[in-house]
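Trainee: Based on these hints, arrange chain U on the given structure of chain B.
Spelled out, the chains give:
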Amino acid sequence: MPVGTQGTIKGLTTNQLEEIGCQIVLGNTYHLALRPTSELIDELGGLHKFMNWPRALLTDSGGFQMVSLLHLADITEEGVTFQSPVDGKPMLLTPEESIQIQNRIGADIIMALDDVVKTTITGPRIEEAMYRTLRWIDRCIAAHKRPSEQNLFGIVQGGLDPVLRDKCVRGLVHRNLPGYAIGGLAGGEDKDSFWRVVAQCTAALPEDKPRYVMGVGYPLDIVVCSALGADMYDCVYPTRTARFGTALIPEGVLKLKHTAMADDVRPIDPTCNCMVCKNYTRAYIHCLVTKDAMGSQLLSYHNLYYMMKLGRDLHTSIIQGCFPEFVCGFLQKMFPKGDVPEWVCNAMEVAGIDISSCCAPFSSS
Amino acid sequence: MNFTVKAWSNGRARVGVLHAGGCPTAIETPCLLLSTRKGLPVFISPDILPSLPSPDSHLLQTSPLHFLDCPSLKAISKIGGLHQMLGLHGYSFAAVPRDSLLCLPNCDGTNKIGASFETPCGRMLIKSAEYMKMISSLKPNIWASLADEVPAWTSEKRNRTSVDRTVQWLDDCIALDPADGGAVFGAIVGGSSVGERSRCAQEVSRRNVSGYWIGGFGLGESMDERPALLNAVTDVLPEEKPRQICGIGLPEEVLQGVAAGIDLFDSTYIYHLTLGGFALTFQMDRSKEHVPSYQLSKIGSDNAKINLRATIYRKDTSPIVDGCSCYTCQNHTRAYINHLLNVHEMLAQILLEIHNTHHYLGFFRLIREAIKEGKFELFCQKFIQTRRGHLVEAAVCA
Chain B
1 MPVGTQGTIK GLTTNQLEEI GCQIVLGNTY HLALRPTSEL IDELGGLHKF
51 MNWPRALLTD SGGFQMVSLL HLADITEEGV TFQSPVDGKP MLLTPEESIQ
101 IQNRIGADII MALDDVVKTT ITGPRIEEAM YRTLRWIDRC IAAHKRPSEQ
151 NLFGIVQGGL DPVLRDKCVR GLVHRNLPGY AIGGLAGGED KDSFWRVVAQ
201 CTAALPEDKP RYVMGVGYPL DIVVCSALGA DMYDCVYPTR TARFGTALIP
251 EGVLKLKHTA MADDVRPIDP TCNCMVCKNY TRAYIHCLVT KDAMGSQLLS
301 YHNLYYMMKL GRDLHTSIIQ GCFPEFVCGF LQKMFPKGDV PEWVCNAMEV
351 AGIDISSCCA PFSSS
Chain U
1001 MNFTVKAWSN GRARVGVLHA GGCPTAIETP CLLLSTRKGL PVFISPDILP
1051 SLPSPDSHLL QTSPLHFLDC PSLKAISKIG GLHQMLGLHG YSFAAVPRDS
1101 LLCLPNCDGT NKIGASFETP CGRMLIKSAE YMKMISSLKP NIWASLADEV
1151 PAWTSEKRNR TSVDRTVQWL DDCIALDPAD GGAVFGAIVG GSSVGERSRC
1201 AQEVSRRNVS GYWIGGFGLG ESMDERPALL NAVTDVLPEE KPRQICGIGL
1251 PEEVLQGVAA GIDLFDSTYI YHLTLGGFAL TFQMDRSKEH VPSYQLSKIG
1301 SDNAKINLRA TIYRKDTSPI VDGCSCYTCQ NHTRAYINHL LNVHEMLAQI
1351 LLEIHNTHHY LGFFRLIREA IKEGKFELFC QKFIQTRRGH LVEAAVCA
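Chains as they are written, first to last, in our numbering: chain B, 1 to 365; chain U, 1001 to 1398.
Chain B extracted, bound-state conformation (with noise of 0.2 Å):
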């Protein structure tokens, strides 16, 4: 799911996002409160209809951004208490007020407020976030009046402790809900407590439900927890590392505000049958990326197009029956050399994906 804060994909119009494929979009509720604010959108007939986006929609409750971006914000019982960054009055958003604003902007999937901690942290004020959070999942499953139109998923917390997690996904199971997300990741981690929180969640959801791990990611993680059993995600780095001249390409990445760009006339990507790959050198594309808005735009449009083609490339290669050789070939585009981290074997291994065949052998330590 790309990103579209504030009601758009950076760059992007919704007619280029449907060409590229992408079938939902994110919304972020704390943004769109402010701005144009939720009364407004409803008013007008819902975020889909203001900015004319004929496909899916999901916004997030509002509470990462609020403890991510300002200051004195702060997790009561109650809810999240803030400082109004329009005039600095002190403000409560409770597990009902994000629901409300949610069911004002009209999203297909919306997101309970869940008391999310980094997983850097450690100590009691974790047990306490996971509680709270099933705690307030009932109060977000009472406030949602929309639940025959918006599906309200929960979100799993529990640090990287694996007691915790479980008591959560047992917790939110057992409210029967229409999806589920791994949340708290995605925030500074190691990769190998990151997969094996994922694994431990995805093993205990239901079958028959999304799972939507948030904020992930790069490629690479998408691949491995594609392969642990997740469906959903979301990420601002397609669009923002293309602001900053990097190019997704299969290999990893391509930056093109390097020097050596300026005189290559290949593509992008040779592989990659978008616009900006069919018809644009590397050169020209060294000479627009951070002066002009072009640049973003072309480059924002390419590494979209490569994420929803990783999802449509997974998909079909499970659905084929080839979904380890697709792992493997990916893998080996990207570590030539066979170093594969040591995380992605161990990943792998679990989730049942043989790649013995790119990664090199370890050296004995």
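Honestly, the hints are just simulated from the structure, not real lab data.
Values in this document were obtained by computation on a predicted structure and should not be read as measured data.
Any given hint could be a false lead.
[Claimed, not checked] Each pair of labels, with its calculated beta carbon distance range:
| # | chain 1 | residue 1 | chain 2 | residue 2 | range |
| --- | --- | --- | --- | --- | --- |
| 1 | B | D313 | U | G1122 | 43 to 49 Å |
| 2 | U | L1101 | B | G188 | 40 to 46 Å |
| 3 | U | P1238 | B | K49 | 54 to 60 Å |
| 4 | B | E325 | U | H1344 | 42 to 48 Å |
| 5 | U | L1101 | B | T120 | 44 to 50 Å |
| 6 | U | D1224 | B | K89 | 52 to 58 Å |
| 7 | U | P1024 | B | Q23 | 33 to 39 Å |
| 8 | B | K309 | U | D1171 | 50 to 56 Å |
| 9 | U | P1024 | B | Y218 | 40 to 46 Å |
| 10 | U | S1054 | B | E18 | 19 to 25 Å |
| 11 | B | E18 | U | L1101 | 31 to 37 Å |
[As the list claims (entries may be wrong)] Listed below are several chain U residues computed to face chain B (Cβ distance under 7 Å; list not exhaustive):
| # | residue |
| --- | --- |
| 12 | R1037 |
| 13 | L1040 |
| 14 | F1043 |
| 15 | S1045 |
| 16 | C1070 |
| 17 | P1071 |
| 18 | A1075 |
| 19 | K1078 |
| 20 | I1079 |
| 21 | G1087 |
| 22 | H1332 |
| 23 | Y1336 |
| 24 | H1339 |
| 25 | V1343 |
| 26 | M1346 |
[Said to hold, decoys possible] If you want a taste of the chain B side facing chain U, the calculated C-beta under 7 Å gives, among others:
| # | residue |
| --- | --- |
| 27 | G11 |
| 28 | D292 |
| 29 | A293 |
Every residue, glycine too, gets a C-beta built ideally from N, C-alpha and C.
Mentor: For chain U alone, coordinates are given in the frame of chain B:
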């Protein structure tokens, strides 16, 4: 390149048909050259470009000055020139020695060696030889020779020198013209002197060129003195060759140019409108009477344009212009664009540039229609009256 005059109206205004190479369809003139930065529009991405009216939108203006730092001439040549580099094969490119937004002529720095410009890469002195190397690499369909453009207030002596230099550089450029090069338009300058303008035009018309690029306008001359200067040039030039001008882009200025017999215009109007959050709305249906509105002018809008940043548009679910067939009006509302402007999202400029370009191309269509019907002068009068009508009303109501 091929150009034929098809119709006249009230004197010098004329409709022509231009085959510029690049674009397979003939383009009618007077027409607008779309402004580009490094070959592509500032905001409209190349896959959206075809949604603009065709073939009107297929003439793009670029400048070698955009490519001063990169890509290198070697890279451009390796790629194969503008059309290849930009993936715009059905489009015609006109390359001129000026960019009214970023690369202004610096007449104090210009000397007999070359023309000086203030560019984003600093002050650059461009010699004819260098200029022609860039033209050969870029391979535009039309290119104008290097010119010494001076502002309106320059001294007589400096003005005379600029004419002599420009003619000399034209000869230099022609001598260096690659055999398979595009059509050369001789640059004509002369500042605010009718005599110098006429002299330059005469000199240039003696050279073997395919058309004329009239420079030195939009550099300080007043609207009142401009018609005489334009006429001094066009009176001397052969009728059957196209005339292109730079630097006069407002609707009234375009009408002045058309009245003097100019065929091709560039314009920074669209760019400035777009950046400012303005959308063109002036009446395109010549049969309808236009009703001026005092209320609009209070928020920076007038009969010609609306200021989409204004809060009155927060909940306005109508398109910018009812019935406009551009991508923006077919897909989005004033309320959405107002929001995008408010939160500083790039999509606002993309949508506005699409609409404003579409609308302005429509303006040029109206001009051509009026000329073909022999009613151009009437069209001008009516247009100017309507534009100024709201000002009169505002003054009266204030």
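Trainee: Decide, hint by hint, whether the structure agrees.
Mentor: Hints, verified against the model:
The hint said 43 to 49 Å for the Cβ distance between D313(B) and G1122(U), and at roughly 47 Å that hint holds. About 43 Å separates the C-beta atoms of L1101(U) and G188(B), a value consistent with the hinted range of 40 to 46 Å. Between P1238(U) and K49(B), the C-beta spacing of about 57 Å keeps the proposed range 54 to 60 Å intact. Restraint check, E325(B) to H1344(U): a C-beta distance of roughly 45 Å satisfies the suggested window 42 to 48 Å.
Between L1101(U) and T120(B) the CB atoms are about 47 Å apart, so this pair conforms to the stated range of 44 to 50 Å. Between D1224(U) and K89(B) the CB atoms are about 56 Å apart, so this pair conforms to the stated range of 52 to 58 Å. Take P1024(U) and Q23(B): their Cβ atoms lie about 37 Å apart, and the range 33 to 39 Å holds. Checked against the hint of 50 to 56 Å, the pair K309(B) and D1171(U) passes, with Cβ atoms roughly 54 Å apart.
In this structure, P1024(U) and Y218(B) meet the distance hint of 40 to 46 Å, their C-beta atoms being roughly 44 Å apart. Range check, S1054(U) to E18(B): about 22 Å between beta-carbon atoms, so the 19 to 25 Å window is met. A beta carbon spacing of about 32 Å between E18(B) and L1101(U) agrees with the range 31 to 37 Å that was offered as a hint. A cut of 7 Å between beta carbons decides the hint on R1037(U): the least distance to chain B is about 6 Å, and the hint holds.
The criterion of a C-beta within 7 Å of any C-beta in chain B is met by L1040(U), whose closest approach is roughly 5 Å, and the hint holds. For the restraint placing F1043(U) at the interface with chain B, the shortest Cβ-Cβ distance is roughly 6 Å, inside the 7 Å limit, so the hint holds. With a cut of 7 Å, the hint placing S1045(U) at the interface with chain B holds, because the nearest CB-to-CB distance is about 5 Å. About 4 Å separates the beta-carbon of C1070(U) from the nearest beta-carbon of chain B, less than 7 Å, and the hint is met.
For P1071(U), the interface hint holds, the least distance from its beta-carbon to any beta-carbon of chain B being 4 Å, beneath 7 Å. Given the 7 Å rule on beta carbons, the hint for A1075(U) holds: about 4 Å separates it from the nearest Cβ of chain B. Interface hint status for K1078(U): upheld, as the beta-carbon distance to the closest one in chain B is roughly 5 Å, under 7 Å. About 5 Å separates the beta-carbon of I1079(U) from the nearest beta-carbon of chain B, less than 7 Å, and the hint is met.
The interface hint given for G1087(U) holds, since its Cβ lies 3 Å from the closest Cβ of chain B, which is under the 7 Å cut-off. For H1332(U), the shortest C-beta to C-beta distance to chain B is roughly 6 Å, which falls under 7 Å, so the interface hint holds. Look at Y1336(U): its Cβ gets to within about 6 Å of chain B, closer than 7 Å, so that hint holds up. Using the Cβ-Cβ criterion of 7 Å, the hint placing H1339(U) at the interface with chain B is satisfied: the shortest such distance is roughly 5 Å.
Evaluation of the V1343(U) hint against chain B yields a held restraint, the C-beta minimum of about 5 Å falling below 7 Å. Hint status for M1346(U) relative to chain B: holds, with the closest Cβ pair at about 5 Å, below 7 Å. A hinted interface residue such as G11(B) counts as satisfied when its beta carbon comes closer than 7 Å to some beta carbon of chain U; here the least separation is about 5 Å, so the hint holds. Of the supplied interface hints, the one on D292(B) holds, with its beta-carbon coming within about 6 Å of a beta-carbon of chain U, less than 7 Å.
Annotation: interface hint on A293(B) holds; nearest CB of chain U at approximately 6 Å, less than 7 Å.
Hint check: no violations occur; every hint is consistent with the structure.
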